[in-house]
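**Student:** Taken in sequence, the protein lines are chains A and B. For the first sequence, our numbering assigns the number 1 to the initial residue and increments by one for each residue that follows. For the second sequence, our numbering assigns the number 1 to the initial residue and increments by one for each residue that follows.
It is worth saying that the hints were derived from the structure and are not from the lab. All values reported here derive from a predicted model rather than from experimental measurement. Each residue gets a CB set at the ideal place from its N, CA and C atoms; glycine is no exception. Heads up, a few of these hints could be off.
Capping the alpha-carbon separation at 35 Å, the derived lysine-lysine pairs in DSBU-like fashion look like this [to be verified]:
1) K6/B / K26/A
2) K26/A / K186/B
3) K286/A / K304/A
Covered, in the sense of this in silico footprint (three residues per stretch, anywhere, with C-beta under 8 Å from a C-beta of chain B), are these stretches of chain A [unchecked claim]:
4) 66–79
5) 296–305
Cβ pair distances, simulated, as ranges [stated by the list, open to error]:
6) S307/A / K365/B: 27 to 37 Å
7) T320/B / G2/A: 18 to 28 Å
8) K63/A / D292/B: 40 to 50 Å
9) Q350/B / A291/A: 30 to 40 Å
10) N324/A / Q350/B: 28 to 38 Å
11) I303/B / Q305/A: 51 to 61 Å
12) E122/A / R375/B: 53 to 63 Å
13) S307/A / R375/B: 49 to 59 Å
14) R375/B / R60/A: 21 to 31 Å
15) N300/B / I308/A: 21 to 31 Å
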Amino acid sequence: MGYLDNSGDIILDAVLTDAGRARLAKGDGSFRIVKFALGDDEIDYSLYQVDANTGYEDLRILKLPIFEAFTNNTSTLNSKLLTYSNNTSLLYLPVIQGTDRITGGDSGLSPLNSGYFAGVNEATYDLMNPNSVDPIVKRKAGILKTYTQGNAGGTNILVYDQGLDSAASLNWLGNTQPDLVEQQYIVEVDDRLLQVITSQGGAAASPSFVDDDSIASYFFSLSNTPDYFGSQVDGPQVSNGALVGAYTLAFDQNNGVNTINTPKGIGTSNSTGLLGTRLVFGLNTKTTVAAQAVTEGLWTSLGKQESIDFSSGILPANTYAAINTVVRITGVTTGYRTDVPVKVLKDV
Amino acid sequence: MATSFKTFIQGDDIGSTRNLLHEAIPITGTIVSGTYTEGGTLMLGKETNIKNYSHGMFQSVYDYPYLSSSANHIFDLSVGVSANSGYLTASSAMTGAKSDLYNELCQMVCGYDITGSLLELDVNGNFTPRATYVEGSTMRQVFIVNFARLLSKDEIQPASGSFIMKLGLNADPDTAFTQKGIIFDKDGTVGIKNNSPAGDFNTLYATASYTAAGSLMRNTPVGLVFYQAGIAVITSSVFMNDYNGEGANAGLIEKTSAGGTPNIERTATALLSQVNISGACNALRNRIFDIDFNNTTELNSTIYFCRANRTEFNFSSNPTYLNNSSIRVRNENIENPPVSYITTVGLYGQDNELLAVGKLSEPLKKTPSDEFTLRVRLDY
Numbered sequence: 001m002g003y004l005d006n007s008g009d010i011i012l013d014a015v016l017t018d019a020g021r022a023r024l025a026k027g028d029g030s031f032r033i034v035k036f037a038l039g040d041d042e043i044d045y046s047l048y049q050v051d052a053n054t055g056y057e058d059l060r061i062l063k064l065p066i067f068e069a070f071t072n073n074t075s076t077l078n079s080k081l082l083t084y085s086n087n088t089s090l091l092y093l094p095v096i097q098g099t100d101r102i103t104g105g106d107s108g109l110s111p112l113n114s115g116y117f118a119g120v121n122e123a124t125y126d127l128m129n130p131n132s133v134d135p136i137v138k139r140k141a142g143i144l145k146t147y148t149q150g151n152a153g154g155t156n157i158l159v160y161d162q163g164l165d166s167a168a169s170l171n172w173l174g175n176t177q178p179d180l181v182e183q184q185y186i187v188e189v190d191d192r193l194l195q196v197i198t199s200q201g202g203a204a205a206s207p208s209f210v211d212d213d214s215i216a217s218y219f220f221s222l223s224n225t226p227d228y229f230g231s232q233v234d235g236p237q238v239s240n241g242a243l244v245g246a247y248t249l250a251f252d253q254n255n256g257v258n259t260i261n262t263p264k265g266i267g268t269s270n271s272t273g274l275l276g277t278r279l280v281f282g283l284n285t286k287t288t289v290a291a292q293a294v295t296e297g298l299w300t301s302l303g304k305q306e307s308i309d310f311s312s313g314i315l316p317a318n319t320y321a322a323i324n325t326v327v328r329i330t331g332v333t334t335g336y337r338t339d340v341p342v343k344v345l346k347d348v
Numbered sequence: 001m002a003t004s005f006k007t008f009i010q011g012d013d014i015g016s017t018r019n020l021l022h023e024a025i026p027i028t029g030t031i032v033s034g035t036y037t038e039g040g041t042l043m044l045g046k047e048t049n050i051k052n053y054s055h056g057m058f059q060s061v062y063d064y065p066y067l068s069s070s071a072n073h074i075f076d077l078s079v080g081v082s083a084n085s086g087y088l089t090a091s092s093a094m095t096g097a098k099s100d101l102y103n104e105l106c107q108m109v110c111g112y113d114i115t116g117s118l119l120e121l122d123v124n125g126n127f128t129p130r131a132t133y134v135e136g137s138t139m140r141q142v143f144i145v146n147f148a149r150l151l152s153k154d155e156i157q158p159a160s161g162s163f164i165m166k167l168g169l170n171a172d173p174d175t176a177f178t179q180k181g182i183i184f185d186k187d188g189t190v191g192i193k194n195n196s197p198a199g200d201f202n203t204l205y206a207t208a209s210y211t212a213a214g215s216l217m218r219n220t221p222v223g224l225v226f227y228q229a230g231i232a233v234i235t236s237s238v239f240m241n242d243y244n245g246e247g248a249n250a251g252l253i254e255k256t257s258a259g260g261t262p263n264i265e266r267t268a269t270a271l272l273s274q275v276n277i278s279g280a281c282n283a284l285r286n287r288i289f290d291i292d293f294n295n296t297t298e299l300n301s302t303i304y305f306c307r308a309n310r311t312e313f314n315f316s317s318n319p320t321y322l323n324n325s326s327i328r329v330r331n332e333n334i335e336n337p338p339v340s341y342i343t344t345v346g347l348y349g350q351d352n353e354l355l356a357v358g359k360l361s362e363p364l365k366k367t368p369s370d371e372f373t374l375r376v377r378l379d380y
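Bound-form chain B, shown alone (with noise of 0.2 Å):
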């Protein structure tokens, strides 16, 4: 009796794993800011690989020009501010936006307190009440940065030193980068908190990288990285001297146009109240000298061990196999074992049909002297 098939023994043959499988996510700030110009000039606000929506809520980054089929959504960008601020005023600029996307963000990722009241953001964690501003914690303007799940993908590594943000915080907008600061994870999995409905989340903190006698920030508190959400909040103060500790206040810069004088520079506080949600998207892209991260994939795996026992599959339906009855490898020389060569293995539902395939990379001798167990793992 020839068989073509071997059935699996449940347990012994099919086992389970879980693997978290991370990668490395380098965004360098050319791309978010510089490269995609129109005309080779920059002009900020007009780059190829931004994408800005008739209702301005946001801004997405792409990898390249997103009209084209090859580009990737990388990132999203977008502001808060708390209607509490106090920043926003009738004269401001999409006062109602800023607000509803504070308030928006804190409903997922802040929460509700027992009286179902919203929770404010907070860059130890604790989130309050709006009647419960905290002076140097609650964060109430705030930048948003909104990863694609495509770099994401199940969650931004938790690991000291995993996520690094790095911003040009020099005064003047044009030699931004000759002073930078560096937002990263700097606990990662210790004091990990999990507080947000966001699942896990944990404060981002700053540090200047340059020995000016004038700089504060020694890692200093500036925002909160959740991991499983995939979203980064800075607070605006980072690019304020009296928090960041430069001579002056960083000058953020919402739109340059070609050959033009570029506009009016403003403070991150100004930016945040004055200009409209993708001019302040534009300021912050103009700050980013680059963005790193590592990923995290959760595979989880089925493993079938298929067992080609001593006595099993030596012989093959090939159609070259035979010539016409006679078996070519024997050459009706019964001192010649019979030889196949393994190829491809497939994994069949009970019905015989082919439900996953795998390919060895080059053929396997088989032969009455061999057994092979060969390890088959779907990742799901």
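Only chain A is shown next, with the shape it has when bound in the complex (with noise of 0.2 Å):
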């Protein structure tokens, strides 16, 4: 793709995406426009200089080129531009962020939030999960038991809070501001890789469509699909659907080994930090996956063979085929949108 000529009047560049060609091809009426939604996907709000004089605070931004359409649906329109009904009031907008603190010795945020590692079966899981390790290291390292049909509980599940993540007193948001909580979610996985399931009983969750990329689209919301909302310390819990303002349960899970408290991911300290809901949900590698050989299938055509040490130097390093794909949390009043990233490994 190249930059639009941007020297003379502002033109609009229309192309149909390779979904709406496909649903005209299909000729059964499906292709049918009835909405749009405005994108910034190139700007970088960081160079808006606040404090500079009126008419400069922009330069940069208003410069920036940008690129011609693309043709794939799910590489455009990442981040939309949102219209809240309270237009001038507001300062601050929920975001969504991975929950994944360790306690018991480490208050910090793991390093969670630069991705998960995700064993297609028992053999990998095993040899990235040394007994000799100390768990809260592992867990540190992101590891995911994602091999097991129907597994879960603790040892493959992502959790993750929405909410204003300001210094603001502990609170729950719906007290102030109801419709900034977030009550429904898209997930978006690569169904060729990854599947979800619920965090308790670990059901498969049946996505809403996957698109001609194999990304396969879970929509998740409070009244349809409880089952993804979770309870959270000092913040709403969820009954039967709804959302309750009691502040009494904390979402715990426990690895078997080492109890992880999952306390709030909102908020710049223990005591801050204006809480909406809460996404939780597991992954599962697909089975088709785990049963191709690394020399062959999704291993060799999305993937390539690394070195990694889960152990932080205990051990030496393993060498596995491994994949890297994205899981997509976007919430639907919202909009605002995080990437998880997953690194999916098979031992070699």
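Combine the two chains into a complex, taking the hints into account.
**Tutor:** Dropping the structure here:
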């Protein structure tokens, strides 16, 4: 793709996406445009200089060249513009953040923010998860046990909190700004590699649709799929598919070795932040990719072999076949999006 | 409540239009013959941008050596001779093929009479049964120029002077272009004919480009152009001196060889009788000075008016929009208005699947003080 010529009048370069063309080709009337959204994928708002003289705040932003339209439907409109009813008073907007804080000796955010590792079978997981290594070290490394269908309960769970990540005194966001509380999420995963399951019991979720790039979109709402919403320390509780304003239960997971509390991921300290909802789901790797030899299929077409040490230098590194993918979590109401890198591994 | 989608109001926000887009198509004669020669010497019939087939029914002209993936097919050449013409004898070359091609063309562009009999080509468009031969009007020996869809698109534009084909008519093939005949669509949309099963058509006229005393061609009908079919049919008589007024018949050569003596020069009538189809096509190509026409593409468009009102789309879900949860452009100051920048317009289906996307050439600043209507046109 090139950049659009921005030397003259503003022009609009419009194309059908691959999904649009596919629907046209079906000829069943499914190509029907009913709504629009505006996006700002290229914009870096950190270039906005609030303190500059009037008219000069966004000089660097306005100079940014714009790419030609991508035809891949999943590659564009990643960040959408939003309409809020209380237009002028908002100074803060909610975010979605991972909550993998580790207690019991390490109070900082774990490196899970930089991604997770998913072993596709028991042999791989055991190699990643040596008994001689401190469980906290392993947990910090972001190891997920994703090989057993239906397995859940702490070893393959992702917990993401939503809310205002500010220094405001700890409170439930719904008390003051209920329209900022996210009650619907879309989780997108590569359908060839991963599958979303419930955090308790490990029931497989059904994707809303799988697009032509094998991206499966799962739609979770508090009212229809409450199994994917969790209660949280100092935050709202979930009861029968509705939020209730109690602050008593903690969403704790026990991985069998070490109790890992998952306190809130929102707020600059334990006593700050306005908490919204908590999305909790498990990941399983697909049995099809697990069954493939590392010299064939997706392991060669999408991946490569890497040497990785999960023991912080205690043990030698092992070689794995690795495929990098991304799990994308998007708040339907607020539009906020967070990408979670996942490296799918198989021992060589 | 935050929203990122806005639903179109049917009728108000979505409209449709139909436009005709015309492109000028210039085909220089040097591409048709002479440029892509082997070893730099013209070997008519051996050019690398000319594709001959084993069946020998027609010849394809490309704009580049056809074995290259960069080559585009631009038109096909063939000839048709009516079995009733009297020019096809037992000793003629490819008698059956030429007759079949003539009949096939008539079947496609002339149709049948009420008895189910095939009509024959007529330069004035009055397609007549075989028994009704009209001297100077019925065409029974023709060159067929069949333009590729890549060039003609939906149709050749019916416009006066739109279609022009220049042929060298001088008797000596080595100096063919010193005297040119200009074959052109004189009438365009005036008197356009629609009695062909292949769609609209009109007569091609010829005139001489020089002032030789003997020239008779002054808006003489010499063929037909079928606009939607993208076919030009030229009578072979255009090369005959009793028709074009030249001092002698144009000498047509069907092939040459490097360093050798050119093959025998033949009149057009003799050429179409005695030479195989590819040889006749070679001879015609060697006499083409250029071809120009305008094509037409019918653009059916749907226009979506994406209206961003004052209070809409002033915030962003861009990862850089927030510093922690603080909106950067407001800097925790209520006096600073929310600001967003539009670079992309996405058009969505009912289930939020992105079906079309438009990009602005530069970011468009959106604040509560601005309203925009972005007009997105999708062409089909």
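**Student:** Against the structure, test the hints numbered earlier, and report the numbers of the ones violated in rising order.
**Tutor:** 2, 5, 6 and 15
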